[in-house]
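Q: Listed below, chain by chain, are the residues.
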Amino acid sequence: MAQELAEASTVFDEKSDASDPETPYTRIEPSIRSLVARPPGGNAIDTAIQGTVISKIESIFEAMVDVLLKERGQLFLVLTSRPGLQIPQGIVIDTASPSRHAQHICFPGRDENEAWRLAVVTRILELIHEAVRNNITISKRDIYYRDPALFGRQSNVDKYVDTIACTFGVPRSALQVTAAAKGLVAGALSFCRRNGDVVDVSGDIEGILVPNMNDILSINVTRVEWILVIEKEATFRSIAASNAWKTLSTHGVMITAKGYPDIATRSMLSLLSNPSPRNGFRSPPVHGMMDFDPDGIAIYSTYKHGSKCTAHEPDELQLPQMKWLGLSCDHMLRNADSCAEQGLLTLSLRDRKKAQKMLEWKALANEDDLQTSLRSMLMLNLKGELQILDAVPDGMSNLLRCGLPKREVPWV
Amino acid sequence: MSKQYLQTHTVPQAHPTDIFSLAVTPTQLISASGSSSIKVHSTGAGTTIHNDSAEEENPFPEAQVLEKAHPLGCHHVCAASEGGVLASVGFEGDVKLWAAGEDASWAEKGCIKGEKAGEHWALAMSSEGKFLVATTHDGRVNVYDTTQINGEVKAAQTITQFETKGSFGTCVDVSPNGEMTASGHQNGSVYIFNNSTGKMAHSLSGLVKPVRAVAFSPANKYLAAAGDAQVIAIYDTTSGEQVTTLTGHASWIMSLSWNFSGEYLLSGSYDGKAKIWSFERRECVATQTESEKCLWAVKWLHKAANARNEMFVTAGASKSLSFYREASGT
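Residue numbers (full-length UniProt numbering), protein chains in the order written: chain D, 1 to 412; chain X, 1 to 330.
Just to be clear, a hint being listed does not mean it is correct.
[Unchecked claim] The list that follows gives simulated cross-link-like pairs (lysine-lysine, DSS-like), each with its CA atoms no further than 25 Å apart:
| id | chain 1 | residue 1 | chain 2 | residue 2 |
| --- | --- | --- | --- | --- |
| 1 | D | Lys353 | X | Lys3 |
| 2 | D | Lys323 | D | Lys182 |
| 3 | D | Lys357 | X | Lys199 |
[What the hints assert, rightly or not] Counterexamples of contact, computed for chain X against chain D with all Cβ distances above 10 Å:
| id | residue |
| --- | --- |
| 4 | Lys3 |
| 5 | His9 |
| 6 | Pro26 |
| 7 | Pro71 |
| 8 | Gly83 |
| 9 | Lys109 |
| 10 | Cys111 |
| 11 | Gln161 |
| 12 | Thr170 |
| 13 | Gln186 |
| 14 | Gly240 |
| 15 | Gln242 |
| 16 | Val285 |
| 17 | Arg325 |
| 18 | Glu326 |
Rather than coming from a laboratory, the hints here were simulated on the basis of the structure. By construction, the Cβ of each residue, glycine as well, lies at the ideal position given by its N, Cα and C atoms.
The shape of chain D in the complex, shown without the other chains:
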């Protein structure tokens, strides 16, 4: 029976009657092997995997509801993990597939410990479901802080997230969960930690990882005249290494979440730019620099309005004052000759579908310029990446010089 299970990649099984151990497991989820076997890369596949993740999670919850409604019967969550990965107690070695360790969690739980493990898994699944649904990225730290009392220790979250990813047969990124804070921040600011340490970010020209907001007591942004939010790490690094940054870093802050922003990076931005006692009541303007493509606009919108599904709800992390600095259609036109070879790309069908869907987003309903950009992309059937600016001499520094607020030269 175990072998059958392994072959079908079944992750979740329902026992129709607990009193009859010989009753075959009913397979609820179709095999996802075909999906995993597809070639890696390509966003369409990512979307498909995410769809699978959502439907898997939902079918587990549905089955739980069924068990509750029937008031009898039991349900086994079969979690597998790669060898070498330490799983909390209760491992059942699945002899039929020695390459994998399987862990069964029974629902309803048979003892207190099992009930707790089930609660942990259920809570994590719920948060993953929310993240995938809303297309936001959360870190393991985010998950832990959503319910520290339940999880107890960060390490518990880490273990179960990896186990769930392994069980579903997808990379952890498909669950929209990152290992830790992924954001980078650089520029003229310093933090004061709760333990009294002061971290001077300007000392590190390459930037530092965005710290956990719960460890930060206050933030010193008195020298900050603007904040630049960058879509990609590559661009962040390229600016950090440029000559222009030597001047800019004395009065600006640059931050990136490396793609769709996580909560930690958005919290940091909110703390930086929304006036509060923790930042000395400052509100430096925020500018976004993203690719000229549907994802660039979606990422910008996530920073500004939150994820699309929650955009209509109040969200303390929103940045309504954020402005689009680039790329724009005009940047591409101005450099049309030089960048024609590199950086200008044709929209894929996925891009076109995404742009079309985004035209319906409530979050963009009042963003006329972004809607115009989306329609221009569709009309021209083109997109452009920030790397275009590298193809033009001083492309990036010109854009920064023109787009960022002019420096108010202090009166001497």
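Using the hints, position chain X against chain D.
A: Just chain X, lined up with the frame of chain D:
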């Protein structure tokens, strides 16, 4: 010798967003934009054409607004040059067919639902309005019979489907005599199809970069094609030979239109310039710069019977409609 064109009238902010497409009938100009409504302007008044005053009070009154035609905006609109039938396609993917009633007002006649993404992009129509052609994201060109599209159609039957090598179909045109269809593609390909045999007649090379406009001359003898290569290539539709290349634009060419005698070709570019080319002399005879904003569409108007000079209209990211006519006495 250059010609002079005067801007005779402007409808500022004709639409709240970029105007993407224009269509003309003998008496009307139809404009489509990123907003949900399609606007119809009357051009048939004819009374103001002799008036040299540019301050004439609105010679192109709004005749009708097709409210909420396409919720996410409309990227292409085309009309039968004889009038009577109009087609539009929106960013949501639906194609709508409109029929003119006895009072010349348009009413929705049918709709092809865009259930498959990328199924309808550029549109063109035969001069009497019986055939509608639409390009797809994967390079096909579908031909529909407009008389068969009534009410909401989920999967409209195509009369013919022209296959190409799979590159996005950016633009399309039907020859005035209805015998040929031409399509331009993202990869620079231009094809001419024979409508009666359903076969490809010519595969025209030469542009390499994305093609953004194709247009048959009024007498069906030539096909003009242009795009990111910044030149206009003119082909003989019978032999498939390239007749000439018109150079002068310094940006992507977004739109082309022949005047009704076939003597002049009008082009609009991404940098906001409209050029008028003499086909006989193979050169640019006039350049109009209204703004630096993209001209998504340029179009000659039908010449009113009592009019002395032909007029053309330009539209684009400026959101305005600008009307020009040749200056008298040149």
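Q: Tell me, which hint numbers fail for this structure?
A: The structure conflicts with hints 1, 3, 7, 12 and 13, although it agrees with all the remaining ones.
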